[in-house]
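The listed protein sequences correspond, in order, to chains R and P. Going left to right, the first sequence walks through residues 216 to 608 as our numbering numbers them. Going left to right, the second sequence walks through residues 216 to 608 as our numbering numbers them.
Don't read these hints as lab results, they were simulated from the structure. The model shown is predicted, which means the values in this text are computed figures rather than measured ones. There may be inaccurate statements among the hints.
Which copy is meant is left open, because identical chains are indistinguishable; a pair holds if it fits in one copy or across any two.
What the hints assert, rightly or not - Heads up, simulated BS3-like pairs for lysine-lysine below, C-alpha to C-alpha not over 30 Å straight-line:
1. Lys351 - Lys514
2. Lys536 - Lys454
3. Lys536 - Lys514
4. Lys604 - Lys227
5. Lys454 - Lys278
6. Lys454 - Lys514
7. Lys557 - Lys454
8. Lys327 - Lys227
9. Lys514 - Lys327
10. Lys454 - Lys495
11. Lys327 - Lys604
12. Lys454 - Lys604
13. Lys227 - Lys514
14. Lys227 - Lys351
15. Lys495 - Lys327
16. Lys227 - Lys454
17. Lys514 - Lys495
18. Lys351 - Lys557
19. Lys495 - Lys351
20. Lys278 - Lys514
21. Lys278 - Lys495
22. Lys351 - Lys536
Listed below, chain by chain, are the residues.
2 protein chains.
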Amino acid sequence: MALNIPSISFPKRLLMGPGPSEVDARVYRAMIQPVIGHVDPLFLECLSQLQQMLRDTFRTSNKVTFPIPGTGTAGMEAALINFLEPGEEAAVVVGGVFAGRMCEIIGRCGAKLTRIDIPWGTIADPDQVRQAVRGKNLKVLGVVHSETSTGVCQPLEPMREIAQETGALLVVDTVSSLGGLPLEVDRWGLDVCYSGSQKCLACPPGLAPITVGEHAMEVLRNRRAPVQSWYLDLSMIEKYWGPERTYHHTPPVNMLFGLHEALRILQQEGLEASWARHRKCHLAFVAGLEALGLTMFVKDPALRASTVNTITIPEGIEDAKFRARLMERFQIEIAGGLAQLKGRIWRVGLMGLTATAASVLLLLSAMESVLAESGHGFDAGAGVAAAEKILAA
Amino acid sequence: MALNIPSISFPKRLLMGPGPSEVDARVYRAMIQPVIGHVDPLFLECLSQLQQMLRDTFRTSNKVTFPIPGTGTAGMEAALINFLEPGEEAAVVVGGVFAGRMCEIIGRCGAKLTRIDIPWGTIADPDQVRQAVRGKNLKVLGVVHSETSTGVCQPLEPMREIAQETGALLVVDTVSSLGGLPLEVDRWGLDVCYSGSQKCLACPPGLAPITVGEHAMEVLRNRRAPVQSWYLDLSMIEKYWGPERTYHHTPPVNMLFGLHEALRILQQEGLEASWARHRKCHLAFVAGLEALGLTMFVKDPALRASTVNTITIPEGIEDAKFRARLMERFQIEIAGGLAQLKGRIWRVGLMGLTATAASVLLLLSAMESVLAESGHGFDAGAGVAAAEKILAA
Numbered sequence: 216m217a218l219n220i221p222s223i224s225f226p227k228r229l230l231m232g233p234g235p236s237e238v239d240a241r242v243y244r245a246m247i248q249p250v251i252g253h254v255d256p257l258f259l260e261c262l263s264q265l266q267q268m269l270r271d272t273f274r275t276s277n278k279v280t281f282p283i284p285g286t287g288t289a290g291m292e293a294a295l296i297n298f299l300e301p302g303e304e305a306a307v308v309v310g311g312v313f314a315g316r317m318c319e320i321i322g323r324c325g326a327k328l329t330r331i332d333i334p335w336g337t338i339a340d341p342d343q344v345r346q347a348v349r350g351k352n353l354k355v356l357g358v359v360h361s362e363t364s365t366g367v368c369q370p371l372e373p374m375r376e377i378a379q380e381t382g383a384l385l386v387v388d389t390v391s392s393l394g395g396l397p398l399e400v401d402r403w404g405l406d407v408c409y410s411g412s413q414k415c416l417a418c419p420p421g422l423a424p425i426t427v428g429e430h431a432m433e434v435l436r437n438r439r440a441p442v443q444s445w446y447l448d449l450s451m452i453e454k455y456w457g458p459e460r461t462y463h464h465t466p467p468v469n470m471l472f473g474l475h476e477a478l479r480i481l482q483q484e485g486l487e488a489s490w491a492r493h494r495k496c497h498l499a500f501v502a503g504l505e506a507l508g509l510t511m512f513v514k515d516p517a518l519r520a521s522t523v524n525t526i527t528i529p530e531g532i533e534d535a536k537f538r539a540r541l542m543e544r545f546q547i548e549i550a551g552g553l554a555q556l557k558g559r560i561w562r563v564g565l566m567g568l569t570a571t572a573a574s575v576l577l578l579l580s581a582m583e584s585v586l587a588e589s590g591h592g593f594d595a596g597a598g599v600a601a602a603e604k605i606l607a608a
Numbered sequence: 216m217a218l219n220i221p222s223i224s225f226p227k228r229l230l231m232g233p234g235p236s237e238v239d240a241r242v243y244r245a246m247i248q249p250v251i252g253h254v255d256p257l258f259l260e261c262l263s264q265l266q267q268m269l270r271d272t273f274r275t276s277n278k279v280t281f282p283i284p285g286t287g288t289a290g291m292e293a294a295l296i297n298f299l300e301p302g303e304e305a306a307v308v309v310g311g312v313f314a315g316r317m318c319e320i321i322g323r324c325g326a327k328l329t330r331i332d333i334p335w336g337t338i339a340d341p342d343q344v345r346q347a348v349r350g351k352n353l354k355v356l357g358v359v360h361s362e363t364s365t366g367v368c369q370p371l372e373p374m375r376e377i378a379q380e381t382g383a384l385l386v387v388d389t390v391s392s393l394g395g396l397p398l399e400v401d402r403w404g405l406d407v408c409y410s411g412s413q414k415c416l417a418c419p420p421g422l423a424p425i426t427v428g429e430h431a432m433e434v435l436r437n438r439r440a441p442v443q444s445w446y447l448d449l450s451m452i453e454k455y456w457g458p459e460r461t462y463h464h465t466p467p468v469n470m471l472f473g474l475h476e477a478l479r480i481l482q483q484e485g486l487e488a489s490w491a492r493h494r495k496c497h498l499a500f501v502a503g504l505e506a507l508g509l510t511m512f513v514k515d516p517a518l519r520a521s522t523v524n525t526i527t528i529p530e531g532i533e534d535a536k537f538r539a540r541l542m543e544r545f546q547i548e549i550a551g552g553l554a555q556l557k558g559r560i561w562r563v564g565l566m567g568l569t570a571t572a573a574s575v576l577l578l579l580s581a582m583e584s585v586l587a588e589s590g591h592g593f594d595a596g597a598g599v600a601a602a603e604k605i606l607a608a
């Protein structure tokens, strides 16, 4: 046996990557409520409350709204495979890594994929999408609301219109938007949305909230073949979360305790107040970055997600070294780019409990210091001053 | 918004159902180590340690050994779908609900299933299994080590021989055995085993440890079609847990902290000492039950799993009412039977931190009291006295 492994004991980091975000101590405390049986009436009551709070957060009355027992990718997979059968057609608007992942999952269903590639850092042109899906018998149109790999926020209503015109279900990745960016599932007519617990909801990773509208549930109920995954079959999970309470799997009880508390915190703040906080932090951070002479990867301010902030790495700065110095000197984690953006951008998450005035000022000061190490000069404190103007407003 | 939802606050229960089991406070403390980034070198070191401890627990040197980010059923699904392609053949020995679930998952892969049904409460007759698979081109033979729905422990070496004769991979459900019952993955030549965190490992539910031998990994690498699930594709998850550390999904960081500590506790006790403890508690509990005039559902003592104890509900006792009284009066949770055993048996888990002398004595006393309420008379304290003789030895 490998004895003498010490207990974990990490120094505190400030998590400012694109998730996981910082977590309130209240959530940790809820997570260590001792385990309770998964059919205990008290636990089932807790699940009903959690469900109601999730519906409020998605702005929906969808009955089928609950966390999938897995991380965000499990939510993505559930949101696609339940509605696609072999040979059926799906289209995805691809402007980043996570939309690309939707395509990979669709490929594994045996569905026929129309991939609508758009330049990374931009949103979809509705005419291009309309053109690409014309004449197809689409079952699913997949889009990403806030693309965690690029920092773009895609307007959803034009996509809903196209889905409606073609008779497709609109499946939306809201992993880095739920709770942090305006999202109106019912008002915008979104059929299926999935998310992750570790971003704007400020809970540790491990759960993937999902909401499914009645029309999508009908599509699921009318399938010819069973869903390829037993674990992620929404028609079965629904029966545990619905009034039947039929045992399907043993849920991750303590993670659900944590999400219950995280959603209570969000409700106490108010959903719209949370959206406003995320936006204010974002605007302040961008103003600060620009005062430091840095430029945002997403050129048009109107297209930027408040939650995931992407910064073009300036000439002469080494990506990995810069991030390592932020960690060494200030214990701050930010992330680099993925795929074609590797080495080209930094990604800063301002989500959940990370989206605070304090985090924004601290990161700007820290970035200024580390940039100065590489000989990048500017008026000392310029970043913080610019941000502070917005934060104080 | 549904305001005014209170924070969760449940009375303490003693979890004596077939999982989740009681959890040590050390595990809860580890779980609230603040979240750390999933590519942070300190976290990756923690994962390597966790992996080594899991290998020790499975008694294997399999490189591919890690927890799947989901509950036990996610482990089951991963253990099957990675090794089966449409049209291929699989066989499962079915003596309970969880073997039945293996069959359902296999059906959804498009594989051809040979279902070898055996009476619930017994083990497989190797000749019957040999006969059933003769002449088939089997890719997978599925068996359950400790069937959580019946309390039977299936000897694995005869099954391994049959798998070897037919060239099939042996896939074993060790959900309620890992850490509590003797299990020797390498010595017994088991190709794939999966488990759950919430049973003998004494961690909350949410993770599914899996181990995959080199031969099975070769089968996976030589697939013609990609695995149907992206989330559960072991060839991708392996690259995150292996030296490449390629990002696949954001792992449930805090659950992994908990499992790390639970495995440390197990290592400090010693694996064989844990097996012995589970066995002693089981034998004491059975002696106590028999002194109370109750009978075990699994007739042959040699076939009983120490971990899941199944008791035939005596004539005149109402299942649900009996369990409700145990909960009301003593805050003890035990479980009823599933499927064909509903209303016929009780299931008592003596796993992980629930497998203690104290739990055994308490439950026997409590059962005696509740049985007495229904007019079942016996020498007062007979159950406890019989158990105590074994516990004190």
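May I ask which of the numbered hints given earlier this structure violates, with the numbers listed in increasing order?
Hints 1, 6, 8, 9, 10, 11, 12, 13, 14, 15, 18, 19, 20, 21, 22 are the ones this structure does not satisfy, whereas the remaining hints hold.
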